[in-house]
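Asker: Please model the entire structure based on the sequences and the hints provided.
Numbering (our numbering), first residue to last: 36 to 741.
It cannot be assumed that every hint is accurate.
[What the hints assert, rightly or not] Capping the alpha-carbon separation at 30 Å, the derived lysine-lysine pairs in DSBU-like fashion look like this:
1. Lys535 - Lys475
2. Lys622 - Lys154
3. Lys622 - Lys149
4. Lys61 - Lys237
5. Lys61 - Lys622
6. Lys168 - Lys687
7. Lys480 - Lys184
8. Lys179 - Lys687
9. Lys702 - Lys184
10. Lys137 - Lys687
11. Lys141 - Lys61
12. Lys542 - Lys141
13. Lys137 - Lys237
14. Lys193 - Lys527
15. Lys542 - Lys184
16. Lys480 - Lys193
17. Lys154 - Lys687
18. Lys687 - Lys702
19. Lys462 - Lys451
20. Lys193 - Lys702
21. Lys542 - Lys451
22. Lys698 - Lys168
23. Lys687 - Lys173
24. Lys193 - Lys622
25. Lys542 - Lys173
26. Lys698 - Lys635
27. Lys702 - Lys168
28. Lys527 - Lys451
29. Lys100 - Lys698
30. Lys698 - Lys184
31. Lys475 - Lys462
32. Lys635 - Lys709
Because the hints were derived from the structure by calculation, they are not lab data.
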Amino acid sequence: VALPAGPAQTLLVPLTATSPLSQGMKAGPVMPMTIDGQRILLASSSGELDRSQVVSVSLSMDQPKAAQSLLLERFGVQDEGEVIKSAYGNLVDAYGQSTRSKWPEKVANDEQLKSAAAKEQQQLNTWLAEREKSSLDKFGGWSKGPAFKASGFFRTEKRDGRWYLVTPEGHPFYSLGVNTVSPEVNQTYVAGREYMFESLPKPEEPLASHFGEGDNRGGNGVDQGRGYNFGRWYDFYGANLQRLYGEPCTPDSGNKAGVAEAAKAGAAEEAATNASAPVAASEQPKAGVAESAATSGQSVAAPCTNTVDEQKWASHTLDRLQAWGFNTVGNWSAPVLGDAERMPYTLPLSIVGDYTSISTGTDWWGGMPDPFDPRFAMATERAVAIAARDHRDDPWLIGYFADNELAWAGPGDDPKSRYALAYGTLKMTTDVPAKRAFLKQLRDKYRNQAGLSKAWGIDLPAWELMEDPGFEAPLPNPEHPEIEADFKFFQKVFADTYFKTISDSLKWHAPNQLLLGGRFATSTPEAVASCAQYCDVLSFNMYTLQPQDGYDFAALRNLDKPVLITEFNFGSTDRGPFWGGVTPLSKEEDRGPAYANFLKQALSEPSIVGVHWFQYLDQPVTGRLLDGENGHFGLVGVTDLPFQGFVEAVRKSNLATVDQLNKEAQKAAAAADKAGHEAEGGRKADAGKGPGQGAGHTGGHSGNGH
Numbered sequence: 036v037a038l039p040a041g042p043a044q045t046l047l048v049p050l051t052a053t054s055p056l057s058q059g060m061k062a063g064p065v066m067p068m069t070i071d072g073q074r075i076l077l078a079s080s081s082g083e084l085d086r087s088q089v090v091s092v093s094l095s096m097d098q099p100k101a102a103q104s105l106l107l108e109r110f111g112v113q114d115e116g117e118v119i120k121s122a123y124g125n126l127v128d129a130y131g132q133s134t135r136s137k138w139p140e141k142v143a144n145d146e147q148l149k150s151a152a153a154k155e156q157q158q159l160n161t162w163l164a165e166r167e168k169s170s171l172d173k174f175g176g177w178s179k180g181p182a183f184k185a186s187g188f189f190r191t192e193k194r195d196g197r198w199y200l201v202t203p204e205g206h207p208f209y210s211l212g213v214n215t216v217s218p219e220v221n222q223t224y225v226a227g228r229e230y231m232f233e234s235l236p237k238p239e240e241p242l243a244s245h246f247g248e249g250d251n252r253g254g255n256g257v258d259q260g261r262g263y264n265f266g267r268w269y270d271f272y273g274a275n276l277q278r279l280y281g282e283p284c285t286p287d288s289g290n291k292a293g294v295a296e297a298a299k300a301g302a303a304e305e306a307a308t309n310a311s312a313p314v315a316a317s318e319q320p321k322a323g324v325a326e327s328a329a330t331s332g333q334s335v336a337a338p339c340t341n342t343v344d345e346q347k348w349a350s351h352t353l354d355r356l357q358a359w360g361f362n363t364v365g366n367w368s369a370p371v372l373g374d375a376e377r378m379p380y381t382l383p384l385s386i387v388g389d390y391t392s393i394s395t396g397t398d399w400w401g402g403m404p405d406p407f408d409p410r411f412a413m414a415t416e417r418a419v420a421i422a423a424r425d426h427r428d429d430p431w432l433i434g435y436f437a438d439n440e441l442a443w444a445g446p447g448d449d450p451k452s453r454y455a456l457a458y459g460t461l462k463m464t465t466d467v468p469a470k471r472a473f474l475k476q477l478r479d480k481y482r483n484q485a486g487l488s489k490a491w492g493i494d495l496p497a498w499e500l501m502e503d504p505g506f507e508a509p510l511p512n513p514e515h516p517e518i519e520a521d522f523k524f525f526q527k528v529f530a531d532t533y534f535k536t537i538s539d540s541l542k543w544h545a546p547n548q549l550l551l552g553g554r555f556a557t558s559t560p561e562a563v564a565s566c567a568q569y570c571d572v573l574s575f576n577m578y579t580l581q582p583q584d585g586y587d588f589a590a591l592r593n594l595d596k597p598v599l600i601t602e603f604n605f606g607s608t609d610r611g612p613f614w615g616g617v618t619p620l621s622k623e624e625d626r627g628p629a630y631a632n633f634l635k636q637a638l639s640e641p642s643i644v645g646v647h648w649f650q651y652l653d654q655p656v657t658g659r660l661l662d663g664e665n666g667h668f669g670l671v672g673v674t675d676l677p678f679q680g681f682v683e684a685v686r687k688s689n690l691a692t693v694d695q696l697n698k699e700a701q702k703a704a705a706a707a708d709k710a711g712h713e714a715e716g717g718r719k720a721d722a723g724k725g726p727g728q729g730a731g732h733t734g735g736h737s738g739n740g741h
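Answerer: Okay, structure coming up:
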C-alpha cells in the first residue's frame with residue numbers, strides 16, 4: 036500500500052479481490068482522495084480470504100531506511116459495497132470529464148465548449164495559411180529535398196546510407212502520423228456501474244442516442260480480471276460532437292444516425308482489429324452482473340434522430356492534423372479521412388478466421404496464428420482482398436500493416452519466453468499443423484528418437500511421445516547447443532511462412548502499395564528477420580523515451596530495411612483520465628519536451644522513416660470497451676478540444692523535421708562522398724604498386740594522401 040505521509044487518513048483494505056480493473060478500468064482515481072472532508076486511501080487486493088480464519092491483523096514496512104511512526108486511531112470493518120461506491124461514485128460529469136480534478140481545457144457548459152472551439156478555429160486558420168507557404172508537395176513530401184524517381188505510388192529507397200519513404204511525386208517523405216483518428220473509439224460501459232456517472236441522459240433526451248450495447252468478454256489475456264465488460268455503453272465523445280457539429284434534432288422513429296449510428300460497428304471492428312475478445316472477470320461483483328443484465332434489456336430509443344455532420348468533423352480534424360505538422364493518418368482511423376485525399380494514410384490487415392493458434396504465454400490479444408494451417412492462408416486472402424478492393428489504385432495509401440502486436444514471444448526474458456513459440460507448439464496435439472511441421476523438421480534432421488535424445492540430452496524412449504499433448508521440451512544449455520539451434524530454425528520457418536503468406540497475397544491484390552510490417556510489441560530475432568525479408572518496412576510499437584531504447588538499431592541496420600515507429604506516446608494524470616499510459620510523465624508540461632526528444636532521436640537514426648503517435652483522442656475516464664484502458668495521452672480530450680500547450684509543442688517539433696532531415700541528409704551524403712573518395716584513392720594506390728607489394732587498406736589511405 037502506497038501510504039503517503041501527512042495528516043490523518045482512512046486506509047481501506049478490501050477483504051475480497053478488488054482493483055481498478057475489477058471496476059472496469061486500467062487505473063483508478065488518484066489516492067488519497069477526499070470524501071466529505073475525510074482523506075480516503077482505497078487499496079487494491081487480490082486472492083481469496085477466509086474471514087473465519089482471521090485471528091490477527093499486522094502492519095509492517097518493507098525495510099525502511101529511517102525510523103518510522105504509524106499512528107492508529109480506529110480499526111474496524113465496513114460494508115465493502117458502500118466503500119466501493121464512495122470511492123468510485125460520480126467519477127464522470129455530463130461531458131465525460133473526470134470530476135476529481137481541474138485543468139485549463141475543462142468544460143463547464145455548452146457555451147464554453149463552443150466558444151473554445153471557435154477560438155481554436157481562428158488559430159488553425161493562421162497556421163494553415165503558414166503551411167501553404169511551405170515547400171511541400173501535395174502528399175506532404177519535401178519538394179526541395181533530394182530528387183527521387185516518381186512512381187505514382189509511395190515506395191522506399193535508400194540513398195547515401197539513409198532510408199526514405201518517397202511520395203508518388205518523387206519527394207522524400209518523413210511520416211508523422213497519428214493513430215486512431217476516429218469519432219467511434221470513446222465508448223465506455225455504464226451497465227451495472229451507473230453510480231460512477233453524474234449525469235447520463237434520460238431515454239427521452241436527444242443525447243440518449245449515444246447509448247449502445249456491447250460485449251467484450253472472451254478468453255484472451257487483455258481482459259483477465261476485468262469487470263464491467265459487457266452490456267450498455269455510452270459514447271461521451273459522440274455526444275460532445277453532437278453538441279459541436281450536430282444538426283437540428285428532428286422528430287423521428289428513434290433510429291441513430293451519423294457518427295452515433297456507426298458506433299456499434301466501430302466498437303466491433305476495434306475488437307476484431309486487435310484480435311481480442313476479453314474474458315469476464317471472476318471477481319466482478321455478482322450484483323453488478325445482475326444489474327448489468329437487467330439494464331441491457333432496457334429500451335433506449337431516442338425521441339428524435341441526432342445527426343452529426345461527419346464531413347464537417349473530418350474537415351476540421353484534417354485541418355488540425357495539417358496545422359499541427361502531421362502528414363499521415365495512422366492505423367484504425369475513420370475511412371472518411373483517407374477518402375478526402377488531403378493526407379496519406381495507412382490501413383490494417385486484420386486477419387481473422389477459424390485457423391488454429393499457438394499460445395506463447397500471456398496471449399494479450401490472442402494466440403499466434405498458425406501459418407501452416409491452410410485456413411490461415413484462406414483468411415489472409417480474404418482479409419487482403421477486402422482491404423485492397425477499394426484502395427489498390429489509390430496513390431494516397433502508403434500501405435498495409437500485417438496485423439498488430441502479435442504474441443511472437445512470452446512476457447519475460449528467460450529462455451522459455453524467448454522460445455515460447457517453439458515450446459507452445461510442442462505442447463499442442465498433432466492435429467495442429469504447426470506441430471506437425473516442427474516434428475517433421477526434427478525427424479528430417481535426426482531420423483529417430485535416438486538421434487534427438489543424443490542431441491537434446493534427453494531420454495526419449497519412443498518418437499510417439501513427442502506427439503503427445505503437453506510435451507515439455509528441455510531448456511537450451513551449452514552442453515546441447517542443438518536445442519537452441521532447432522528452436523531458432525523452427526521459429527524462423529514459422530515467421531517466414533506467416534509473412535510470406537501475407538506478402539504473396541498483397542502482391543497479387545495490391546502490387547503498388549507497401550507492406551508495412553507487423554507492428555511488433557514483442558518480437559524475436561527470427562520474426563524481425565522474416566519481416567525484413569518479406570515486408571517493405573519494419574514496424575515497431577515502442578513505448579520508450581527514445582527509439583534507441585526500444586530495440587537494438589545496430590542489429591536492425593544489418594537487416595538493411597526502413598523502420599517505422601508505429602506507436603509511441605507520453606501521458607500524465609493531470610488532465611482527467613487516471614492512467615498515464617505505458618510511458619507516464621509527472622505532469623502535462625513534460626509531454627511536449629518528451630515528444631520533441633523522441634522525434635529528434637528518431638531523425639538521427641538513418642533507418643527510421645517515420646513515427647506515429649498513439650493516439651488522437653484521450654481514452655474514457657472509466658475505460659474503453661476493448662480492455663478498460665483509460666489513459667491521458669491524446670492530442671485532444673473527450674470534449675474534442677485540444678490540449679493547447681501540448682499541440683503547440685508538437686507542432687513546433689513537427690515543423691522542424693524538414694530542417695533536421697535536411698541536415699541528416701547532407702551529413703549522410705557527405706559521409707558517402709568521403710567513403711567514395713577513399714575507395715577511389717585506394718584503387719589508384721593499388722594500381723601504382725609494384726610486384727610483391729600489398730594492396731591493403733593502409734596503402735589505399737596513403738595513396739589518397741590522407
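Asker: Each hint: holds or not?
Answerer: Hints versus structure:
no., hint, in the structure
1, Lys535 - Lys475, "holds, 20 Å"
2, Lys622 - Lys154, "holds, 25 Å"
3, Lys622 - Lys149, "holds, 27 Å"
4, Lys61 - Lys237, "holds, 28 Å"
5, Lys61 - Lys622, "holds, 19 Å"
6, Lys168 - Lys687, "holds, 16 Å"
7, Lys480 - Lys184, "violated, 47 Å"
8, Lys179 - Lys687, "holds, 20 Å"
9, Lys702 - Lys184, "holds, 22 Å"
10, Lys137 - Lys687, "holds, 26 Å"
11, Lys141 - Lys61, "holds, 22 Å"
12, Lys542 - Lys141, "violated, 48 Å"
13, Lys137 - Lys237, "holds, 26 Å"
14, Lys193 - Lys527, "holds, 26 Å"
15, Lys542 - Lys184, "holds, 21 Å"
16, Lys480 - Lys193, "violated, 39 Å"
17, Lys154 - Lys687, "holds, 20 Å"
18, Lys687 - Lys702, "holds, 23 Å"
19, Lys462 - Lys451, "holds, 13 Å"
20, Lys193 - Lys702, "holds, 14 Å"
21, Lys542 - Lys451, "violated, 35 Å"
22, Lys698 - Lys168, "holds, 21 Å"
23, Lys687 - Lys173, "holds, 21 Å"
24, Lys193 - Lys622, "violated, 39 Å"
25, Lys542 - Lys173, "holds, 26 Å"
26, Lys698 - Lys635, "holds, 12 Å"
27, Lys702 - Lys168, "holds, 26 Å"
28, Lys527 - Lys451, "holds, 16 Å"
29, Lys100 - Lys698, "violated, 50 Å"
30, Lys698 - Lys184, "holds, 22 Å"
31, Lys475 - Lys462, "holds, 15 Å"
32, Lys635 - Lys709, "holds, 25 Å"
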